[in-house]
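> The hints should help you fit chains Y and F onto chain H, whose structure is shown.
Listed below, chain by chain, are the residues.
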Amino acid sequence: MLNANIAAAETAGKAVAASGWFLENAWLIWLFPAVSFLLILLFGKRFPRGGSEIGIAAVGASFVFSLLTAIQWISEVEGGAGGALTQSITWLTNDGQAIGAGIMIDGLAVMMIFVVTVVSLLVHIYSTDYVAGDRRYTHFFAFLSLFTASMLFFVTASTTLQMLVGWELVGVCSFVLIGHWWEEKDNSDAALKAFFTNRVGDMGLIIGVSILFFGAGTFSVIGVNEAAITGSMSHTVTLAAALCLTAAVISKSGQFFLHTWLPDAMAGPTPVSALIHAATMVVAGIFMVARLYGVFFEGFSIGGSSINTLALIGGLTTLVGATLAFVQNDIKRVLAYSTVSQLGYMVLALGVGAWTAALFHLFTHAFFKACLFLGSGSVSHAVHSFDMKKDMGGLRKAMPHTYRTFMIGTVALAGLPIMSGFWSKDEILVGTGGWGLFGGTGGNGAYTVMLAMGMVTAALTGAYMTRVVYLTFFGEFRGHGTPHESGPRITVPLWILGGLAIVAGFINFPAGFQLVPASWEEKFLHWVEPVGVSYFPTIKHATPSWTLAIVSVIVALIGIGAAYYYYFVRVRAVSPVATELPDGPTSRSAVARLGHRILVNKYYLDWLYTTVIVGFVKGPLAKAAYWTNQNVIDRVVNEAGTRSVQAGNIVYHKVDQLVVDGIVNATGKISDSSGEELRRIQTGKVQQYAAIMFAAATILAGIFIIVI
Amino acid sequence: MIAEHVAFGIIAAVMVASALRVVTTRDIMHAALYLVIVLAGVAALFLLVGAEFTGITQVLIYIGAVIVLFLFGIMLTRTDFDQDEETDHKRKFPAILTALLLLAVMIGALVDRFEDVKLDANLPGGQTPQTTAQVSDELFSQYIVPFEAVSVLLLAALIGAIVIARREEGG
Amino acid sequence: MYLNEMLLLGAVLFCIGVYGVLARRNGVLVLMSIELILNAVNINLVAFGAFHDTVQGQIFALFVITVAAAEVGIGLAIVLLLYRNRRSIDLDQVDLMKG
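Chains as they are written, first to last, in this note's numbering: chain H, 1 to 708; chain Y, 1 to 171; chain F, 1 to 99.
Next comes chain H alone, as it looks inside the complex:
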């Protein structure tokens, strides 16, 4: 029994709650793929296309609904209503505490629904070609549906408990899909790694949700946020919860020091990678922070600060991801590290209070990253490999559609003007508020360090993407056979995503942009960011600055230019099939060599986890003991041994024979006889056992009677 519970009732005098059929029935959007999952699993094999048509139909329906939901939401917002619409049913009642389940529809949820359904639909279509003929084709589509359904359930959740459920479901689906080809050990290892790494963070989420429940007395997202913002939950509790939730973000969204599972997750089929990286899995962490922003904003005291845990993690991640992307030869791994880096941007933005900028970047990133991933899948479909150095090169003529869309994605990722990535990245940099030197104002604090990190990453991003483009599409083909362009079921989704990667940025022109009518400015902010509601903290918006935009573009161009000079000029001059300079910096400079080695070894993080932390428990502890034994103890023993022999002889006759042997023998005898005594209890006679049982039960009963 649904009871419409309009948030505006609680926030009377503030924003009016939106209403509308599609908003109220948004739960249908996740229901379609959820039902599709069951249908495909049960009947998929009987369908002519192995169940893929069910998945596409369901996700297509979800997409149509999400589009209509978005339109209705926008019209409501434009009409002046901006409050979240929540509907809930009582899920279970425990000790008078009713725990609800339902949907919470606001700008954030609508935006996420849209992104997830668009990317998921295109991935579904793409997959019908990409995994055609796979032995677990039906199974693949079933879990693709469940993956989509879980993420949609997660983003529309109205309680933290539901979010937990969706979060775990997403994790399980990613495990299944990453390990889709589990017969190869690498793939199943990668799936396990993803799953276990995520378990670390899941504990953080469970603890965080529990803390919030005990702090705020409710699981409701709105209630929790309100408790944090109004201060009815003490700051210490809020901080503790925010830290626990941050742990969840670190693992789920591949943030620094638990990001290692993300590149390995490339073992899964490419469409899954696209889905994981663009729309579902990894953005769950970002969404969670955005959803519970009151907790984070108050917990970390984001306003008026210059550094905090969230921003620092984001900043480090963005740098680490970007640097690691340089040394990868696997095209998908480059993109994976690029995702790590871009997610770092989003976390950084959330950390500095640029809420809208983070979600805007999530929005644009979803399209260009999906475009890049599907593009890399198209390439590997043609050359049957992911290794850029061995099997690619010169593909721009053979695969014109893939090449062009990949270029669009690259430029958008590098953040060059008019592409979507430019607008969102620039907004994040603006939001740091650390740009006093560029003549801007506003913002929630002075995060100068974060601005610097973002700038450096902008340069690095341009550079590593230039490297990928050269190695893949320029020079001469280094692989075997003749690569061909992929079919329309692959290229059409690519072009759609490419188109979105160009235009997605236009929905949020900065304020005071002047080149477009003022009514076009900051549409995204207007539609997505909750204003005048009790569950969202009051955040300040920085005013954009032309100077900063120009500087960041110049920085990105410097990165691209450097890489261009190295690859397109120097390397190409060596040979069209060369992939690096024979006398490159790594062969000339020891420092460069060291840096290269560190990057190839991924900052030794995997080594730290598997060899040091895990291995410490099983191997090296023993090895260390053995080494100590051989080198230290043995020497001491040998030295001491010879001299001890003489002393030992004396001791043997005087002490050992008389005292020690006596004690030892006595101990043995005592053990022997006591064992003999105890053995008698174990007679094998059932009646004695029964007697003991009866007596014991009687004594216990007597105790109960006396006590009660």
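Be aware that a few hints might be false.
[As the list claims (entries may be wrong)] Within a straight-line C-alpha distance of at most 20 Å, the following computed EDC-like cross-link-like pairs (lysine to aspartate or glutamate) qualify:
#, chain 1, residue 1, chain 2, residue 2
1, Y, 92, F, 95
2, H, 669, H, 639
3, Y, 92, F, 90
4, H, 669, H, 656
5, H, 397, H, 387
6, H, 523, H, 78
7, H, 185, H, 134
8, H, 389, H, 476
9, H, 397, H, 485
10, Y, 92, F, 92
11, Y, 118, Y, 4
12, H, 45, H, 129
13, Y, 92, Y, 27
14, H, 397, H, 521
15, H, 685, F, 92
16, Y, 118, F, 5
17, H, 685, F, 95
18, H, 185, H, 330
19, Y, 118, F, 90
20, H, 685, F, 90
21, H, 185, H, 129
22, H, 685, H, 634
23, H, 45, H, 134
24, H, 390, H, 476
Hints are computed from structural coordinates only; laboratory data are not their basis.
Then chains Y and F, alone, in the frame of chain H:
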């Protein structure tokens, strides 16, 4: 009312005495016959409190069937040692102790809880006899499923007993 | 009649039965003692049924009687098998579980 008490007292005394003989006599045949007395006493008690059907069933099944089974068992397993003093363990003390302890606990609990509760307390005119019709109504309506289950149990026990006790081919 | 008269009689019979189960060496005698225990339980059931003026006590007693009959059948079959294998029904000799 006095008559009831007297009747109960006599039956109870006979039952306790017989029960003690059941567990102490050295002749296994005598033990079986004393058991008949105890079971008959139980049946009499059932009649005394108005549980007619159960009392009759007690007589039919226990005295009519179970005791006969016991007698068969005794005949088939008769050995010399039944007659000598080895029917009991040498050391009876733990068994006596356990039984007495149990008795003390139970008597303590019962006296404490039901000190002088009258059996017919809730019925001013004495208890109404629970008729056989009532028993059958309950048994075949509310307790029909357990009833069926028990009938299956009996069948299983029948087959089980045959399988266990069956002489192997040529054995 | 007092309820306790019946209950105490049941308790005494129960304890006698327990003693018999623990002290007897003969398998058939142990089974007889078990019958004593079950009858003590039946007395309690019927007494409580009369006390509450319902027939449910009787019905449970009937079930117990039935189950007891089944138990005697199986128990005697086991004793018979024991006798056939060992020419004795002395339970003290059945100690294969001895540790």
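> Compare the structure with the hints numbered earlier in the document and write down the numbers of the violated ones, lowest to highest.
2, 14, 19, 21, 22
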